[in-house]
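Please model the complete structure; the sequences and the hints are all you need to start from.
Chains A and B supply the protein sequences, listed in that same order.
Numbering-wise (this note's numbering), the first sequence opens with residue 119 and increments by one.
Numbering-wise (this note's numbering), the second sequence opens with residue 841 and increments by one.
A hint or two may mislead.
Calculated pairs, SDA-like style, for lysine to any residue (alpha carbon to alpha carbon, straight line, at most 25 Å) [said to hold, decoys possible]:
no., chain 1, residue 1, chain 2, residue 2
1, A, K158, B, P880
2, B, K843, B, G855
3, A, K159, B, F886
4, A, K162, B, Q882
Covered, in the sense of this in silico footprint (three residues per stretch, anywhere, with C-beta under 8 Å from a C-beta of chain B), are these stretches of chain A [claimed, not checked]:
no., segment
5, 156 to 165
6, 211 to 221
Keep in mind the hints are simulated off the structure, nothing from the lab.
All of these numbers come straight from a predicted model, not from anything done at the bench.
From the three backbone atoms N, C-alpha and C, an ideal C-beta is built for every residue, glycine too.
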Amino acid sequence: DTAVSQTPKYLVTQMGNDKSIKCEQNLGHDTMYWYKQDSKKFLKIMFSYNNKELIINETVPNRFSPKSPDKAHLNLHINSLELGDSAVYFCASRAGVSWEQYFGPGTRLTVT
Amino acid sequence: LAKTTQPISMDSYEGQEVNITCSHNNIATNDYITWYQQFPSQGPRFIIQGYKTKVTNEVASLFIPADRKSSTLSLPRVSLSDTAVYYCLVAGGGADGLTFGKGTHLIIQP
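Printed below as a string of structure tokens:
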């Protein structure tokens with residue numbers, strides 16, 4: 119069983135389009151994250167949700183909007199895509215007081 | 841910015857013990873030290889976490905001195921499959937501790 123899954127794995131789209139990435143975890147964790155890893159391999163937190171509530175909202179353009187319909191899902195919608203949005207986006211989750219995060223396989227977004 | 845500093849790269853040979861040190865001078869009282877491994881085209885994988893002294897699990901050990909301003913990940917008897925990027929992360933709440941640095945690219949040779 120896949121603990122943290124993301125769809126799609128690859129996403130190629132044109133500038134100006136709107137796209138969504140979905141994340142699901144079957145671990146029963148109450149905290150979920152979105153990270154962005156750029157071409158230089160920096161892995162930077164974007165958002166964090168705890169029990170469906172937004173607790174971390176880093177300095178990302180408001181074109182990025184997360185949504186957590188329930189504890190097991192955290193989706194990322196991106197409006198008006200730009201070239202600089204090209205990156206790998208990782209979803210992660212963790213439980214309780216442990217800082218052990220479980221990462222998904224990533225979604226490679228390419229904006230042309 | 842990440843609160844940690846690690847060597848950019850390290851080389852070693854199969855069967856050797858590898859120690860990767862991370863500096864985190866501004867660690868807060870509530871912060872925990874965690875280490876992750878990342879292979880190309882995969883998400884990071886948790887290795888170990890600790891608060892102080894020494895922690896050991898089936899794959900690694902983590903040594904943390906009393907001042908907690910640094911930590912050392914020890915990988916015993918590495919193999920070629922341990923070639924990866926290793927990230928040190930200081931986590932205790934807030935976004936600063938959830939930004940990974942450049943990590944250490946460990947290359948294991950036969």
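Here is how each hint holds up against the structure:
no., hint, verdict
1, A/K158 to B/P880, "holds, 13 Å"
2, B/K843 to B/G855, "violated, 32 Å"
3, A/K159 to B/F886, "holds, 17 Å"
4, A/K162 to B/Q882, "holds, 15 Å"
5, 156 to 165, "holds (count 6)"
6, 211 to 221, "holds (count 6)"
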